[in-house]
Amino acid sequence: MATERFEKKQARWWSSLVWPVSGLALLLLFDLCFTDGFFKLEVRDGHLYGVLIDILNHGSKVMLLALGMTLVIATGGVDLSVGAVMAIAGAVAARLINTTNVSFPVVIGVTLAVAIAAGCWNGLLVGAFRIQPIVATLILMVAGRGVAMLITDGQIITFTEPWLTYIGNGHLLGLPFPVWLSGGMLLITALLTRRTALGLFIESVGDNQTASTYAGVNSSTVKFFVYVFSGFCAGLAGLVAASNIKCADSNHAGLFLELDAILAVVVGGTLLTGGRFYLVGAMVGALFIQTLTTTMYMRNVSADIAPVPKALAILVVCLLQSPKVRTKFSGLLKRRGS
Amino acid sequence: MKFPLASRYLPLLATALVLAGLYVAGCVSFDNFSSLRVAVNLIGDNGFLGIAAIGATFVILSGGIDLSVGAVVAFTSILIASLVEDHSVNPLAAIAAALIVGSLFGAAMGSLIQWFELPPFLVTLAGMFLARGVGFMIHPQSHGIQNDFFLQTVSERLSLPLNNRVSFPFTGTCFVVMFVLATFVAHYTRFGRYIYALGGDEQSARLMGLPVARTKVLIYALSGFCSALAGVVYTFYTQSGDPASCVGLELDAIAAVVIGGTLLSGGVGFLAGTVMGVLILGLIQTLITFKGDLNSWWTRIVAGMLVFLFILLQNVISSASKRLRG
Amino acid sequence: METEPKALLEIRGLVKGFPGVKALQGVDFIVRRSEIHALMGENGAGKSTLIKVLTGVYPRDGGTMRLEGVEINPRSPKMAEALGISTVYQEVNLIPHLSVAENICLGRQPTFFGMIRWREMARRAERALRRVDLKLDVSQSVASCSIAVQQLVAIARALDVSEKLLVLDEPTSSLDEKEVGELFAVLRKLRGQGTGIVIVTHFLDQVYAISDRITVLRDGKLVGEFETARLPRLKLVSHMVGREITQPEGSARGAEAGEADVKAEPLLEIKNFGRAGSVTAMDLSVARGELVGLAGLLGSGRTETARLIFGIDKAQTGEMRVDGRRTSFHSPRQAIRAGFAFTPENRKVEGILPRMSVRENIVLALQARQGLGQMISRKRQLELADEFIRRLGISTPGPEQAVGNLSGGNQQKVLLARWLVTQPRLLILDEPTRGIDVGAKAEIEKTMQELRAQGMAILFISSELEEVVRACERVVVLRDRAKVGELAGDGISEEKIMHMIAEHGHGH
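Protein chains in written order, with my numbering: chain A, 413 to 750; chain B, 150 to 475; chain C, 20 to 527.
Okay, chain A solo, but in the shape it has when bound (with noise of 0.2 angstroms):
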């Protein structure tokens, strides 16, 4: 019998946005009963200060992570030198700053071109030699803070140079400069992958790789786009991380924001296994992310402490996330429904 029964609903890109949005609003409207002065915003010389500015300042390192982790995990891959590459930039950024006269343009050029050679090591690896993508981005999570600590010579390089102060402290209409950064890099990644086929690849390789490689998918040099594509988000945030703290510090630069950006994209609705995936989704991630690490402060919960509410995000949403628990949980819904 093939009585075929459609009233499941169509995909809207939104529809996936309902779950992330909601715990944001959730933790929002904590902040509004609970916490004094969240939602308080004021103008300064021309600039809007408060809580809320300050997330979005804050958070945009992550969000610049997240987009590129986005891509890598909707190939059913996964990115953990990201950290690392993060130091590795804000160390070729302050040595040229410091030790040479080249203009600031081509020191953000040198930069970046650096952050994506990282990234192109990661995709041969994955890509070319089909290394488990764990493994091949370990190897340069292991070696990168030694790179960059080479770089820097060990120390800790300060720089008080004027354009490199601002892409993490500057005002651009009021609004802090990533604030900007971040947003202009989520419309250039949507435009990429959302104007071009990149994104339909990208999915596709995800949701079924040998089934595109029979379509004619060429999966190998999608899987190495998207590592080097991480690994300039990875150099973008590395400079907006040495430029908050005007220095370049290997050996904390970046620690552990592997984890914050896979987090905030699986929060944002993209499975770890591949497929479909959501951009504003792990923006929004990224935002619940830096909210709960900002309310924790503000609530005076030491900030050594703000792991242990992230790790039982992880596994809530891991969880949720799981095959086994969505189908006893559909199963549950099956047997009232029919």
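Note that these hints are calculated values from the structure, not bench results. What you were told as hints is all true, and nothing was included just to trick you.
In silico lysine-lysine, BS3-like type, Cα no more than 30 angstroms apart, as pairs:
id, chain 1, residue 1, chain 2, residue 2
1, C, LYS197, C, LYS208
2, C, LYS367, A, LYS736
3, C, LYS97, A, LYS736
4, A, LYS736, C, LYS41
5, C, LYS71, A, LYS736
6, C, LYS183, C, LYS240
A partial selection of chain A residues facing chain B, derived with a Cβ cut-off under 7 angstroms:
id, residue
7, ILE551
8, LEU671
9, ILE717
10, LEU727
Just so you have them, the derived chain A footprint on chain C, three or more residues with Cβ under 8 angstroms:
id, segment
11, 342-355
12, 359-369
13, 373-385
All figures in this text were calculated on a predicted structure; none of them were measured in a lab. The beta-carbon is built from N, C-alpha and C at its ideal position, and this holds for glycine as well.
Given the coordinates of chain A, assemble chains B and C onto it according to the supplied hints.
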């Protein structure tokens, strides 16, 4: 058709060569390098890393990964320090409690991985966050230990004098004993062989009727135990607990395992290789210390390069043996 | 006459269903002691489900299973082993990096106070290997043994568990003739010792060489149990494919290749095409506007041929010509660029992108061929999707529905649409009608005829002879991974195809 030299021993041989090469290079370059003290310190200073790496070996052999190692070591050290100093718990009881907590923590992660089919890297990543955070909850910063048991019994009475100047530290003894026990478990118990079977081919292991679920949970419990024991040894070694310590230790442990010739996809490897891997990492560190003008970040770079080379070697071997079988 | 040996295994009225599928519907299956019993059937017949219920991988929904007269209810492979049912699965389930001895004894290693006794284990493994007439260094790793030796090691392990009932799922699929002979010698010896053996295989010659009885399943139902010696091959084939032979025909030889009317200037021509473990020496040609069928039983090399042509696997022998020019494909991308298209047999694993929409599934191949930059506009995508939803009658609430939510027939139509938008010159359809309802089948057949009329070359693979006969103007018949003949025009009939399939292999 047989491989001339069984291909599973090939990476181990490479590891041994690297180790020997580094040691000889050190002895040729520096006067005191060949002294007994250097060798003893090499083992003693890397005791906690070695024990953590032994735990990581089991997990990787089974085809999994444990990223919580460093955090659990730090958590254990601060737990012991806090119990002994702030709550006046008997040191031995505190150590026992820490070992039990570590094992249970590992078992909990293993259960999530097994029953909900979550990826190991994610679960242990969450475990890493959790252990780190809880460590800071117990005590927010480094906590020195004044208890006699830690100051004297362990560091002085339990070390074995080798000659009138050099004695073998207890941390080293723990490492050696753990290595012997782990080798026994891996080689002479059914559980140990199930670990290899699981990493070799989980589907086959299930069809062969092996207790896959139980083994998997136990492996992560064992890794948790090893991390906790590494934490205990770390506490002996530094005579303090520190929730911020050992960041990235899991990477060193994984690097040691891979450099030791264990296949990262699981199923092939030896604990002896891991021990050599740990010693290689330690030797690089020692060489850098002797050289003086190089900085310690070279350890990480060299470790990363070695990891890459060994992964490459494994790829070459596996594709060669595939071609051999046609 | 001697009394019939008592039943060793007796399965009655076995029922097993999966969501949406009734895999087994009241199947009886009886194995006697000292008997080699072949279990046969085409795809979807229920063979592997039966094996998996028997070995405790799946629980059953109904029916009884008795072993030596005692009701059994295995809930895991381990439990089935303990009862005396040991199994060697198709993809030899051993641990490649462990030694032969360990693989034989894993889970039952001899221990002394919990400590494994390696010497004793080696002795036990050697003993077990002697039973399958194998003598080798048991400390070497299984990965270093040939597939044939691995097969025997797996059997030795199974026998070490129990000698009562041995189940072999496709044991010969990767063995050469000599190795098959050695394996069969071992099986005969075991039969002589009282073991009951169930063997699943697709090779007719082998079934007749080794088995005492044959049980045929089709579409989850029992067709019948037969004594091998009294079951003509033709009859067996007709039981398997579910077509009755209306009147006995003469030899099919008269209708072989010579009769085939090969059109001039074929689009695709392969000669002596082959690959180890895949197909041997395939000759085939397809011209524009021609619909050529590939017929044969499961495992006869149909899909393998398609994979070689489409560049998924690389041919080791022979040559391929497209438009008369010599070509070889290293990847599906190259084949697609040459205007080829392929809908795979295993729709779910190799065909659809389950979580992506009908629209995306349809445009994927065209977009992949056009490359990144030339994005097909959203509007054009929707137009294409709507057009093909209408043209092929895809039953979906809309172009944005995830393909995984559609029925099998509609998934197949989506795959067809994916290739039709690329306007291919050669369309390879591998079992496009399997597992889909009658209406959808008819629509797909209709579409094939339309495409042929428009000048497309089509290679049609199906295990349903009726379809092949109805649709094709030329049929290439395969058996045991080789071409055995070709029929054309009025010479095509189900009987002739079945004769060709059933014919004795050369040299037997």
